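Colleague: Listed here are the chains, written in short residue letters.
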Amino acid sequence: MVVAATGLASCSSGSDDGGGAVQKAELLNVSYDPTRELYAEINPKFAAKWKAETGQDVKITMSHGGAGKQARAVIDGLDADVVTLALAYDIDEIAARTDALSPGWQKRLANNSSPYTSTIVFLVRAGNPKGIKDWDDLIKPGVKVITPNPKTSGGARWNFLAAWAYALKKYGSDAAARDYVTKLFANVPVLDSGARGSTTTFVERGIGDVLLAWENEAFLAQKELGKGKFDIVVPSISILAEPPVAVLDGNAKRHGNFQLAEAYLKYLYTPEAQDIIGKNYYRPISPEAEAKYASQFPKVNLVTVDDEFGGWQAAQKRFFNDGGVFDEIFAKTKR
Amino acid sequence: MHRENSRPAARYGLIAVAVLFLALFLVLPLAAVFGEALSKGATAFGSAVTEPDALAAIRLTLLVAGISVPLNIVFGIAAAWAIAKFDFPGKSLLISFIDLPFSVSPVVAGLIYVLLFGAQGWLGPWLRAHDIEIIFAVPGILLATIFVTFPFVARELIPLMSEQGRDDEEASLSLGASGFQTFWRVTLPNIRWGLLYGVLLCNARAMGEFGAVSVVSGHLRGITNTMPLHVEILYNEYNFVAAFAVASLLALLALVTLVLKSIVEWRFDYHRGGAGH
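Residue numbers (my numbering), protein chains in the order written: chain A, 1 to 335; chain B, 1001 to 1277.
Calculated from the structure, these hints are not laboratory results.
Just so we're clear, the structure is a prediction, and the values are computed from it rather than from any experiment.
Note that the Cβ used here is the ideal one computed from N, Cα and C, for glycine as well.
Each hint should be verified, as a subset may be incorrect.
Stated by the list, open to error - A few chain B positions that, by computed beta-carbon distances, are all more than 12 Å from chain A: (1) ALA1009; (2) PHE1088; (3) LEU1111; (4) ILE1135; (5) ARG1155; (6) GLN1181; (7) LEU1188; (8) ILE1233; (9) THR1257.
Claimed, not checked - Subject to a maximum C-alpha distance of 25 Å in a straight line, what follows is the list of computed PhoX-like cross-link-like pairs (lysine-lysine): (10) A:LYS229 <-> B:LYS1261; (11) A:LYS223 <-> B:LYS1040; (12) A:LYS227 <-> B:LYS1040.
Extracted from the complex, chain B is given alone in its bound form:
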């Protein structure tokens, strides 16, 4: 306490630097996005985000997030459970595999699916013969999004569940609870804040992903355009107000995520702290 107070200059200096940095690199660009979006008035903003192609992009983005996030929850809990509560050979290999999408560039993530499902790809001819569309269609976008968001929930839960150990579950099972009851009544309440945190991050990435989705999209307006891709198209058409209007929706989404994340972090720490004592 005393040491901190004894050097107010250093402290305020550091704070000033941090605030300036944030203002310059975060607040100012964000303000610019909203400023440009509203530069021709609220009506122009409104019509830009309710125009059919924009609505289709919003719908597609919500659809992709709505499918990939729940899948991620199921996979993440299953993987974290297996890794944290059991010992088996190849465990660290599995952890490395889960981390793979973090280390692979999103462009590569997209190209993987082109290589697999593209017309010249391994499964392409068979898919075409059976009239199944994956690349340059919604399934491809979904696959690419699932790939890049793969680790979010699992990575959040693995350390948490490892730390908690399996004593609670063993107690529950030995007292006669079924496997599902144990999961629902014991495990889930223990991990809920960590899970929610993972879901938020996963959702933000699912809605915001550009690179991987761009490779497999084909950029068909109103059909395979997600919000980030729609922003690019509008920008390239010199339609700056509309581009920034859709971008500001994405930015709003990020802000909401940020607020929720802070709340969850606060609860999470509180919970953890409480459990630790």
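Chain A on its own, in the form it takes in the complex:
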């Protein structure tokens, strides 16, 4: 890949820089589905900063898809220098199955290596014709719910856990929660493999009454496709999503760009990047950016995966691995 990347990169940029002899560094960021716009804005800013500091040009290549699918690709050899995925479990999986990074990766950067947080909200059609106000409205007959597939999508796993947490709090037992989530998935007509696919299904193809979406994705759909077409509904309970980032030491060192990769991820914590993060509707973690963008985010009652489910390892094993709760539920909902 490195060979191919260098070859093609020099082809495509040859005309712009007139074939200058400046050494060009490359970085591959493998990310989850909805971060397309975020990194499209962050990458040139970081490249400019890196150029100013080191004199080196850097070309950052992106790959986007459902977080589980992306992690699988990295495990299968997609040669990422950094991964920026939807949830910790997928990076754990890379740590467990490759020698690219060590198991303690999540302690290396601040805030559990998550430079921003987000949550899950509902996107409904303008005027909320089905009167959807909270999770209970999603299991009513005739309500079509759009969510991606938890097997391949990180956002979908957050959706699932948020729904479960709500039902557990409201009805008080695991059996009732399972019953609720079973009814929820019986109302899902399409399972796309990534969050962006689901957004497109809901927004462009006009399928469904409510989209369970990343907060940032919901805002983006509103912003990109014109105000007035969609409303955001904030449920009474949702989940604190912490999408983490990590340098894949093994790969980056082999490519000789470990320092670059590390600087790239640290850059995400700088005021400049935190501002871009807030602007793209992710919840920034730096106090200044948090204060600046506080008004755009609704107040949501958030549970965490650690408190509610004992962390991602446990949640993944219980709900999403083969033969887990999701598989059982899904088998039941197939009509």
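Place chain B on chain A using the hints.
Modeller: Just chain B now, kept in the frame of chain A:
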């Protein structure tokens, strides 16, 4: 003649149904693709297809087709020659193997290579140790494309060459021509239209393949994105004009292929008909 004319209603009815069907399922979607592509004017269309990542995708698609089609020609002629002109044990097994890519889903075709060359695959560790990249790089895309286009030329030539038999070649050889001369002067002219037909189909598939290539691509913009994959990425980025602009290039390609195919079919039939009499 008389019978056909005696039931004009049925005839026009059938024609109307066919035309309506074509319009609904073929012409309308095609028109929609071009309509969406040009919805923001020719300038937007132009910049969408000349943008660096789009150009890289076009280049990669041409490169992949440019390598896989010639390989397919060589393999197809060799296989068809062996099967049509010689008898050997396991011949029908070989034919079945050539057909395999037709019956295997493209996703499986991609996964085969992940299993073989992926980091966790059989050859993965060795490849990584030697710094050879296959999956999520151009070689993987090439392999996947070659796999799915494997049967096109061979499948076209086998019946043709079987039908022609080996009399011409035997005559040529007995008159003192060398093997190569026989191939160049006798066999190739006999099969050229069938070959061209196979090449066209092979090329169309090589440029348009999505499934198998998607599995091994890694979706790196400007690096491992072929045109069909680029269309998907643009679409997912809400960049509909650009998505449909690139899609319309693919559609144009299909139309050109269709026209060439019709010409070849016409010549092919003519040639065959002439030979038969």
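Colleague: Which of the listed hints are not met by the structure?
Modeller: 3, 4, 8 and 10
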